[in-house]
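Trainee: Full structure from sequences and hints, please.
Number of protein chains: 4
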Amino acid sequence: MRTVAILLLIAACAAHGGNAARELGVPLDGEPGAFNAITDVAGVAVGHVTLIEGDAVRTGVTAILPRGREDHTPVFAAVHVFNGNGEMTGAHWIAESGFLEGPVMFTNTHAVGAVSEGVIAWSLKNWSTPISLPVVAETWDGLLNDINGLHVRPAHAGAALDAAAGGAVAEGNVGGGTGNRAFDFKAGIGTSSRVVEIAGARYTVGVLVQSNFGKRPQLTIAGTRAGRAITDLMPEIHAPPHGEGSLLAAVATDAPLLPHQLERLARRVPLGMARTGATSLNSSGDFAIAFSTAPAPQTDGSPLRAAQFIDNARLDPLLGAVVEATEEAILNSLLAAETMTGRGGSKIHALPHERLREALVR
Amino acid sequence: MRTVAILLLIAACAAHGGNAARELGVPLDGEPGAFNAITDVAGVAVGHVTLIEGDAVRTGVTAILPRGREDHTPVFAAVHVFNGNGEMTGAHWIAESGFLEGPVMFTNTHAVGAVSEGVIAWSLKNWSTPISLPVVAETWDGLLNDINGLHVRPAHAGAALDAAAGGAVAEGNVGGGTGNRAFDFKAGIGTSSRVVEIAGARYTVGVLVQSNFGKRPQLTIAGTRAGRAITDLMPEIHAPPHGEGSLLAAVATDAPLLPHQLERLARRVPLGMARTGATSLNSSGDFAIAFSTAPAPQTDGSPLRAAQFIDNARLDPLLGAVVEATEEAILNSLLAAETMTGRGGSKIHALPHERLREALVR
Amino acid sequence: MRTVAILLLIAACAAHGGNAARELGVPLDGEPGAFNAITDVAGVAVGHVTLIEGDAVRTGVTAILPRGREDHTPVFAAVHVFNGNGEMTGAHWIAESGFLEGPVMFTNTHAVGAVSEGVIAWSLKNWSTPISLPVVAETWDGLLNDINGLHVRPAHAGAALDAAAGGAVAEGNVGGGTGNRAFDFKAGIGTSSRVVEIAGARYTVGVLVQSNFGKRPQLTIAGTRAGRAITDLMPEIHAPPHGEGSLLAAVATDAPLLPHQLERLARRVPLGMARTGATSLNSSGDFAIAFSTAPAPQTDGSPLRAAQFIDNARLDPLLGAVVEATEEAILNSLLAAETMTGRGGSKIHALPHERLREALVR
Amino acid sequence: MRTVAILLLIAACAAHGGNAARELGVPLDGEPGAFNAITDVAGVAVGHVTLIEGDAVRTGVTAILPRGREDHTPVFAAVHVFNGNGEMTGAHWIAESGFLEGPVMFTNTHAVGAVSEGVIAWSLKNWSTPISLPVVAETWDGLLNDINGLHVRPAHAGAALDAAAGGAVAEGNVGGGTGNRAFDFKAGIGTSSRVVEIAGARYTVGVLVQSNFGKRPQLTIAGTRAGRAITDLMPEIHAPPHGEGSLLAAVATDAPLLPHQLERLARRVPLGMARTGATSLNSSGDFAIAFSTAPAPQTDGSPLRAAQFIDNARLDPLLGAVVEATEEAILNSLLAAETMTGRGGSKIHALPHERLREALVR
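Residue numbers (our numbering), protein chains in the order written: chain A, 1 to 362; chain B, 1 to 362; chain C, 1 to 362; chain D, 1 to 362.
Among the hints, erroneous ones may be present.
For identical chains, the list gives no copy identity; a pair is met inside one copy or between any two copies.
[Stated by the list, open to error] Within a straight-line C-alpha distance of at most 20 Å, the following computed SDA-like cross-link-like pairs (lysine to any residue) qualify:
#	residue 1	residue 2
1	K347	A294
2	K215	D316
3	K215	E197
Note that these hints are calculated values from the structure, not bench results. This one's a predicted model, so the numbers in the text were calculated from it and none came from an experiment.
Mentor: Structure (structure tokens):
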């Protein structure tokens, strides 16, 4: 049997929790939350399991729990599929019911089944009822990872859920994003948040992305065509060619919103992606899920439940926050990642910070 | 200028308000409301303008106002398109916003533009703000009606809105259904309702249809293949052949439901249609809109609004009520219609009640 | 380690291959194909793995290969979700690409992950490329089956694929339908087909269902309220209550159709379901996938491909065939099933043939 | 009766046909076609009717005919709704059938009905069959235009269709865009095109937009935050406030694509919009329709038709072309527009070219 090294990179969190782009001086709009992370939305917990082993295992699992590990009260939610070359299981029931009942899991393409089973097993053990329709999304990390080796097992999903916590979120080569690349640079997990004010109330929008998309010449950072300024450091791939991949995004907010309004938030994720220069290629699986942690609709034993929601006419700050936080989360997923060598000796370089800074100044 | 005879068939209401199928003894499940009509949902008002003039004008407009003529507080709503060979304007904004902001209008295919303009004009005159995105749906009545003559004018839409009232609803050859046929019999407007109990609370579901679909051999009534029992009385058409048409349905309820739940109600309309034997042909424009008149979400000047909703797990009685009321509304649209001769002498026969009764008994 | 009894019920095929309802004398429209099965569409292969073990394992896997085990040329396809309380993985990419690239797998709700992994493993071994986005759908069989025991393993998916063959198809308590029930009777897998003629050409439509839905009083067979005629023989359940479930349907045709036309076929499945009395409850996961085995679009090394398709105006016979074959496949799934005792001694009775015959005659 | 001044600005075409942004020196990627216009797709014809009359009529109609005025063979088509605060009639049937059967019309919000009726009347007169489900989309021009005056009449739609021609396309304050504004500058109609090569074959993608969206600080041109460089010249509005509006886009291509592939093209329009800084506000009606003029599927009297299509794996150049051409068409819609004074003396300034040039250089 294979042995698996589970690296819980919690220690690494503080180092670059959601601030890589800002520390580099990329000009960005809006006011981020305390951690500039999806966890700025109170209650949201994130856990990574990172599998880096031997020459060819470069993958992992990222778990996002809307209300933490203990509270599994469903949250209003919605899914938006921009280009569906990929998988997000559980989306049908979210669309039908308006609720997300368990965690959101990001992993690699061939690990969807294992993670799905792992969520069922974990929920049977930890909660009173199984999550029968798990939400699992994926990106293809086969350039660096032995994806056909099926190294992610159900227990890894459980471990990611067990590791979930609030606070700073590890980014880059961690969790489901461990073996990812974007714009021909190393990428992975990134996060960001925005705080907006609507009629005197302050709401937080947090985005966590798993970035695995885009071609080098497209890369645009704060309006600068960075991918044309840095044309070397291209991937050294010793593997069959494979289409550029996908963007996964989880959007959390504490603003009270109904499911059809959350769909509107999820739909803005591609606009944030577009700001980085991407055009969403045929091979891209661009999925966004949005949920609201607003106090759960009350139940008093009656079938009637109560919900609050923000008037449509006041949604614009939230819609804009999704665009901004998505853009910044993608930049963080690039800037927090480090050069990695993997399967067959393939190597993908990190985006060089100093050269980017120079390009931005010019 | 053409002159137009506007026949407001209000006097005819009491005669067959939603009870044609029951009076004939068709066995039907469920408990209808007082009028067995969409107007059993408190506040809902229906108005018809029926245009029957000379040899070839056989058309009209039906208006459904969720909260009557005075109260234009938007209602939560959703649209379901089963087979989209037709038009329901305004559907995009309902899907986006979750709200229906004005009336629902049914007319003929070539009158959508006129009725759309008429709703804008009427709302400018009667309400403080225009309904800029009117909801207008249609069926093709060109077998009996000179549809290319564009006899429905904007003012007819206003007249239908002005005529809107609660209580019994005229059915058959009235309003938008004036020139319609179904299963090769004369048809038109039909309505029905159901009262259901959920955890001690009673809710009403009302359906109003404009029936213009189906081939004779398909016609099934309470499980009896009535269309195979009555094979004569086929339409005498002196016009080019044209594909069988469409089913329009408005579903009203006083149950508090969110937009995505109302979409679930609207989606059950085709199941009621299927009970009548239809398979929804290529040429069918089968559109359903569902709305809830539950007390409007409160606004206190803040952007926060409050809504109640019934738990998904308790929806089944409402879902079943839509199927039942749709089936019965279609039967009523047939049984309330009378034989009509129209354009070019074309003639469509009414479904003969006595022969149907005999077929049902056998 | 658990041991698993894999019962390949191939011997049982001839006994009731798609003809249970006709043998009983249920009056049904249309002309079925040679086997009255989905396999009447040339090339389509079906394989079951049935897991019946000890007191509580009552589940399995059904595999449908559009072009058999050898030919994995993608087929045009489309998915329709009627009520999304369930899972069909792979649906996003089918919607995006218009193609189904691998098999369609039916299993139990908690086995989706295992079957998904099994399809990847099987395709890596048997085909040149992995099916990275497997299509796996499910029904909840937890009344009779120890669903939380996760007894379906990835290898069972492979075994079902290896068992896939043309010809008569085993029905009832087999494959993914092993532990299913419908209308409070034992149900499972059922299939049926129709041959239709369009402008002189003959096309076949085949449907295979996994039936797990409906309440007893709803059951309607050929217009007869059979569920009201047979009110005893209710399930003897020694388990927590659980919502009525789902209908899975695979629709195959050799008619050349484009993806958006296949979606129209898939959308007719609920109409066939409605003929059996169902209203699609909140807890129902009603999914249909339709595909065409028409000669694969040609590739000559150029990026241009060629496709034929039937004009929309000529689709009606195919649309009607889906409704008819779905209805009959559901009836077969009931009539081919046998009484089963499972988890905790729960027992679900088969629909008694003789009593049904009597009810139909009356 | 009102009199209407119809100004056919054909003479103005050559002046700024699709090249305003390039003439100013905005750096833009890709190779445009001969006219840098949607009409670079052979056969596509565009016609404007511009209504500028008195103090308050500032509106019009733009007609796009996929195959010119004579050839009304349907084209494969698809619609994408990004934010549905608006109307595009005819979308249901396009989604269902895969075909666009008539012209695409852009006008103001309250003129949808009149234009719809006008298309029916024009097609009855000019073609053998009526276009019963016209495609009409709109933006709200009520800041400058007396939109409630309903100045667009059915005959204007016919006039726009009669004026349709290939070649250079008038931009800015013309047609349906006459009274529009974007980013708080005057805007209107804009167009652009791209020529791409796929496996040795050259295909053209053309986009025509009607721009009426965005807030000043968002405006981004080629990565430069132009809206922050030019903060004066804000609209001088003497009217009630109204939400920022909409983006309409028609995407034409001669590449052979199936309907579901055209939907993928239409879906890229918002990515081009995002490059201009927009986030698609609640009040935005962002609609895109894409069609292919590839040789019509052949009919030989049989129900079988033939189509070619480009393999999904080769679509990327077309997807990217939509993003680029949309961005440039929007810029052209701004740069070709001129300062306008309208209803109640409200005034919206043109984007000052020289100041923009300076901002781009900095």
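Trainee: All hints, please: hold or fail.
Mentor: Hints versus structure:
1. Within a single copy, K347 and A294 get their C-alpha atoms no closer than 43 Å, and across copies no closer than 43 Å, so neither meets the 20 Å cut-off.
2. Taking identical chains as interchangeable, the C-alpha atoms of K215 and D316 lie at most 20 Å apart only when they sit on different chains, with a minimum of 11 Å there against 31 Å within one chain.
3. In this assembly of identical chains, K215 and E197 lie within 20 Å of each other by CA distance solely across copies; the values are 18 Å between and 36 Å within a copy.
The structure shown violates just one earlier hint, number 1.
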